[in-house]
Each structure stands twice: as C-alpha cells, then as structure tokens.
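Engineer: Each chain, written out:
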Amino acid sequence: MKYITTINDQQFEIEIRPDGSLWVNGEQRRIDFLPLGEASLYSIIADNLSMEALVEERDGKWEILLRGRLYMGTVLDERAQLLAARRSTAMDDSGEISIRAPMPGLVVAVPVEEGQEVEAGQTVVILESMKMENELKVPRKGVVQRISCEVGQSVEQNKLLVTVI
Amino acid sequence: MTESAPQNIQKILITNRGEIAVRVIRACRDLGISTVAVYSDADRTSLHVRYADEAINIGPPLARDSYLRMDKLFDAAKKTGADAIHPGYGFLSENADFAQAVADEGLIFIGPPPKAISTMGDKLAARETVKKAGVPLIPGTEPGLRDDDIVAAAKDIGFPLMVKAAAGGGGKGMRIVENEADLPNALAAARREAESAFGDGTVYVEKLVVGARHIEFQILADTHGNTIHLGERECSIQRRHQKLVEEAPSSFVDEDLRRQMGEMAVKAAQSVDYVNAGTIEALVDKDKNFYFLEMNTRLQVEHPVTELVTGIDLVKEQIRIARGRRMGPTGSLVEPNGWAIECRINAEDPYQNFMPSVGTISSIIFPTGPGVRLDSGIYSGYEVTPYYDNLLAKLICWGETRPEAMLRMRRALEEFKIMGIKHNIPFHQNLMSSFSFLAGNFDTSFVEERFSMTTYEDEPSETDLETAAIVATLVAHRKRQLASQVVVKGERDTSNWKWVGRWERMNR
Chain S
1 MKYITTINDQ QFEIEIRPDG SLWVNGEQRR IDFLPLGEAS LYSIIADNLS
51 MEALVEERDG KWEILLRGRL YMGTVLDERA QLLAARRSTA MDDSGEISIR
101 APMPGLVVAV PVEEGQEVEA GQTVVILESM KMENELKVPR KGVVQRISCE
151 VGQSVEQNKL LVTVI
Chain H
1001 MTESAPQNIQ KILITNRGEI AVRVIRACRD LGISTVAVYS DADRTSLHVR
1051 YADEAINIGP PLARDSYLRM DKLFDAAKKT GADAIHPGYG FLSENADFAQ
1101 AVADEGLIFI GPPPKAISTM GDKLAARETV KKAGVPLIPG TEPGLRDDDI
1151 VAAAKDIGFP LMVKAAAGGG GKGMRIVENE ADLPNALAAA RREAESAFGD
1201 GTVYVEKLVV GARHIEFQIL ADTHGNTIHL GERECSIQRR HQKLVEEAPS
1251 SFVDEDLRRQ MGEMAVKAAQ SVDYVNAGTI EALVDKDKNF YFLEMNTRLQ
1301 VEHPVTELVT GIDLVKEQIR IARGRRMGPT GSLVEPNGWA IECRINAEDP
1351 YQNFMPSVGT ISSIIFPTGP GVRLDSGIYS GYEVTPYYDN LLAKLICWGE
1401 TRPEAMLRMR RALEEFKIMG IKHNIPFHQN LMSSFSFLAG NFDTSFVEER
1451 FSMTTYEDEP SETDLETAAI VATLVAHRKR QLASQVVVKG ERDTSNWKWV
1501 GRWERMNR
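Quick note, the sequences are listed as chains S and H, same order.
For the first sequence, the numbering used here assigns the number 165 to the last residue and increments by one with no breaks.
For the second sequence, the numbering used here assigns the number 1508 to the last residue and increments by one with no breaks.
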C-alpha cells in the first residue's frame, strides 16, 4: 500500500509492501514500532534511537507528539491524494474567509461594519471565553461582506461570525 | 486579636473546583478530615468530585448560577453536616459578605476575618490602612471617579499608567495606557471586563512602574498574635497580567531586601488584624525600591513554590489556624531551602496568540521523578469546558539551586504530554531555554515585549519529520487494516492482529 504523507507541509511517499517492509521515498527503512498499552502511545526504535510517540487522528488530520514537538499532517492513500489534488485546484486564495468562533463564548464587540475594508491581522470580533477577551483577526486583507452575530450574543463553537471577501 | 477557643473541624466543604479543590482535599485527607465537593453541571466528571468523600450538585455551569450561589453552598453544607468551609482561590474566596455569612451560619471560614477581607478588598481602604502602617505605595487615583476626573488626575500622575478594576484580580479589567489619547477607550474596556468578571465596573488608575518585578510575600498569622512571613515569590513572568511562571526565592532579592520587604509585608498584614494565610503583592523597580500593590486575602495559585522551599504545608496550616491553634512555624523565614519553580499549564495555544482551547483531553502522560510535584485537575478523557479559567495543572519542580530546579523543569516538561487540546507546555519549554530567563534577567513586561516562541525553537530535524511521517502512516495503515478486516473476513489465514504484529516485527 502506498501513502502520501504530509507533515508540516513536507511530503513523504511511504509504501508498506505486502511483505511488511517499509519504504520512504523509495528507500527502505528499518523501524521497530510497537503500540504500548495506552490507546495512542507507541514506542519506536530506529537506529538504536528509542522514542515515544503519541499518535491521534482528529477530523481527518493526524497529530503526532514526538520528542517534545507536535507535528500535524495528513495521510492519504494514492486515490485520496488524487481527489484532494483535484479539489485544491478548484479553489484559490481569493475566496471567502469565514471567521468562526474557535470556542463557545460571548460576543463583546464587533469593531467593523459591513462593507468596510480590513487589513490582514485586523480584529473583527472580540469574543469573551474562559473569562478572557479574545480578539479574532482576519488572516488577509479584504472587505467585510456579512456580520452574522451581534454584541451580547452567546455563540457556540464554530458559529459563523463574520464573512470577509 | 483575641485568642479563640479551639474549634472542632471534622468535615470541610470546599467551595471551589479543579486543581485547587483537589489540593485542599489532599490536605484534609492528610489530616483525617472528611471532605465535601460541590460541582456544577459542567463539572460532574471533574477530578475534585472524584477525590472528595461526598459531592453535591449546585446547579448550572455558569459560576453565578453555581459556585457563586451562597444559598446553594450553605444548603450543601447543611445537607452533609460540614462544619467548615475552604474557599480556595477565585470565586467567593475574597468576598467579605461570604466570609461573614459562613460565620452567621455557624460554620468556620478557613480564611481571614471578614473585616480584613473587606478592608484589603477595597483598594482605597487598603491603601489608606497600610499607608498608616508605613508601607510604601504607588501613586494613583482612588476608585469610583468618573472617567473625566480620572483623565484629569492622570495628567498629574503621568504616563504610562495602568487602569485597574477596583474589584479586580487575576489581570481582569487591567489595561496599560501609554498616552492620554488612549485612556478613554481603555477605561471603557476595563469597565466592561470588570463588569462581566466581578459584576462591578468600578476602575481606577495607577502609575506604571517601568521595569518592575512582581514580588510577593507569603504571610501566615494565627489567633495567638503571631504574624510571620515565609519569604518571597517572584511572579514577573506574566502575560496580560496573568502569571505564568512563579519561583521561590527570587534571584532579584538578597537577604537585606528580603528582610526589609518581609517586615513591610508583616506590617501590612498586621494593619488589618490579619489571620490565616495571605499574600502581600509588591512591585520592585530596578533600583530595588518596592511598593505595596495589594493583599490577596486567600491562598494563592502559586503557593506550592513556597511550600517546597519551606517544607510547610500551607493548607494544613490554614486549617490548623482556623481551628484556633498556634501555627506550626515559629518565626519568619530567614533562608529558603533550595529553589522551586512553578509552570502554570493552561489550555491555550502559545502559537496562536494564547487563544484558549476547549475540548477533550485524549491522552495524557504525567511527569514524575525526583523534585517533581504536579497539582492537577485533569485526566485522560477529561473535557475542558469554556465556563471556568483555563488552568489545567501546575507543574512545580524543586532543586538545591536555581539551575537545578530549571533543568528539572525542562526534563519534567518533556515528560509531560497532553493531546486533544492546545496547551502552553511549548511556551514553558521555550522559556526554560531563554538565556534572559535563565540569567534571572526579566521583568513583568518580558513575555509580552521581549519573548518570542521562535527565538529558541529550531526547525524540526529531517529525521524527526520523517519519523513523524512514518509513525502517522503506520498507525493509519494499521487502522485501515483493522477496519477492512471487519468487512473482508477470513481472507487471510492469520488473524489481523498477528498480521499487524508481523510487519512490525519484520522491520526489526
């Protein structure tokens, strides 16, 4: 089985052959890899280097905690990779940006108006959660198309707050 | 201060949650005292409920409907026959009306007398009282002024200055203002935050001490007229006025300064006839001038660092004092034993501007070994909710010297693994690599102005990236094989587990 695995934007072609051997970008790797008792904990010995990894899948993304660092990535088999490639060419950077609530909270301020131009990093919503005010910012410049929340409103996680084009 | 007759305490109700409730329960267990936990609907599965002998539901998740409802807390005390109340920190711990109501209910409040709480809780009264006792203060306005009066007064005090909530604590409602133009907006924001956090939007301003270090003194006072200090804690590593790292002692404080500040702290506590554990917070400028900030009339989050360098269990002392006995220690601390440092492990993402994180902790591995203490309210499978503060755990390390404590902290942080939510362990790891921090060269603006998550963090090595890719792929592959096995049964002659085991072994 061949996989395209992307970790921190770096791609690896990883093949697990029917004989159980492991190949990375065409080179064979010898790794001793065993699940430990706990659900997502694994022990790895590679070139005498002994490591522990926590490996979990969440919403289609893989999270790997290895040697004090958290890596994020995707693991796609060849067919899924093909589909993903086709989908991403259909999208480009000029699309809508949806500012959603990263956690449940209370909208304390919306310092922008519909139709207003916003710069990258500009705050569009102030959301209070865990007793702190959190500023939600736009990742790039654009125009506020729609404000879908109001001051004083309690919002659930993932609720659409502001749309920027 | 009158000597009170010894009070019997057999069962303590803890009007708090999370790690501090667990901490208090542990002290009670050590003393053979029964414990009662209270919990909101959001906290049914919290650790403090699991650790307590009895647990009572006090209503909906929002604190004002549960942990702040005195009537429900007293009902719980009656129902369980508790004879004393420990408030922890936050919630009702610094509410004088609560302390009084506890006494009126015929219960023992494990904390200071209501009068000491109300005096120290009222910034103006606190300043006047300690000033009379000869304690140095930072210039500022009294609370309760209208915005235009504050703006006028601010011109005399000078910028930069700090807007603070009169009912404040924990950094809520605080704003630094660099110039006059920004003051009206800062006042409005601070009022709003204070209103929502404490139900009281009263604010005041104070001169900002530039290059200040936040150094506080632990106080213990009993009903037999003894008031002592247990040395200082350095809490200058803060972000948005939230402490992130505390240590005891402070590398900035020498024996002479400790004696001077300690005497000031004892005087400040005595000026309100303080009893039980409390903390005098002070700012110290680069020339070692110190100013009284406020007194926290409760147990502090960071009390464990003092415990580790004094060997004193502060919660047990609190209970002993509440029982009307003499406190254990016989005098103020002269020389701390070794060095202790505490990292607050919060549910917040240091790579995303410390955005709070909620969700379920999917895996957790706790640090252990020599010199490591963990005060925690979490476990694998625990759900972090948005209703309360985001403190998950406190990791405290002790060493004979500051460098040994730091190196132990580094090691313990490496061992500490939390998955499922974002947390600030990477922040602490970076901090423990910072030369400025290791050299003791920092002040309260260090984290916000001179610290970056990228300074000490190198790019991951190619080998580690590849290893991460390999393990993710192997786990994904294994899952896939296990899933397909359910559908395509008997296609292989060996069991799926054996097969997975085989490719793992073949690569040895």
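Hints were generated in silico from the structure; no laboratory data involved.
Where hints are given, some of them may not hold.
Think about it this way: if two alpha-carbon atoms lie no more than 27 angstroms apart in a straight line, the pair counts; the simulated DSS-like pairs of lysine-lysine are [unchecked claim]:
hint	chain 1	residue 1	chain 2	residue 2
1	S	Lys131	H	Lys1072
2	S	Lys131	H	Lys1417
3	H	Lys1078	H	Lys1132
4	H	Lys1288	H	Lys1316
5	H	Lys1288	H	Lys1155
6	H	Lys1207	S	Lys131
7	S	Lys61	H	Lys1417
8	H	Lys1155	H	Lys1011
9	H	Lys1011	H	Lys1316
10	H	Lys1479	S	Lys61
Engineer: It remains to establish, for every hint, whether it holds in the given structure.
Structural biologist: These are the hints, each one checked on the structure:
1. Lys131(S) <-> Lys1072(H): holds, 23 angstroms
2. Lys131(S) <-> Lys1417(H): Answer holds: Lys131(S) to Lys1417(H) is near 25 angstroms, not above 27 angstroms.
3. Lys1078(H) <-> Lys1132(H): Not OK: Lys1078(H) and Lys1132(H) at ~42 angstroms, beyond 27 angstroms, violated.
4. Lys1288(H) <-> Lys1316(H): Roughly 33 angstroms between the alpha carbons, so the hint for Lys1288(H) and Lys1316(H) is violated.
5. Lys1288(H) <-> Lys1155(H): holds, 26 angstroms
6. Lys1207(H) <-> Lys131(S): holds, 26 angstroms
7. Lys61(S) <-> Lys1417(H): holds, 19 angstroms
8. Lys1155(H) <-> Lys1011(H): Since the Cα atoms of Lys1155(H) and Lys1011(H) sit roughly 54 angstroms apart, the hinted pair is violated (cutoff 27 angstroms).
9. Lys1011(H) <-> Lys1316(H): holds, 14 angstroms
10. Lys1479(H) <-> Lys61(S): holds, 14 angstroms
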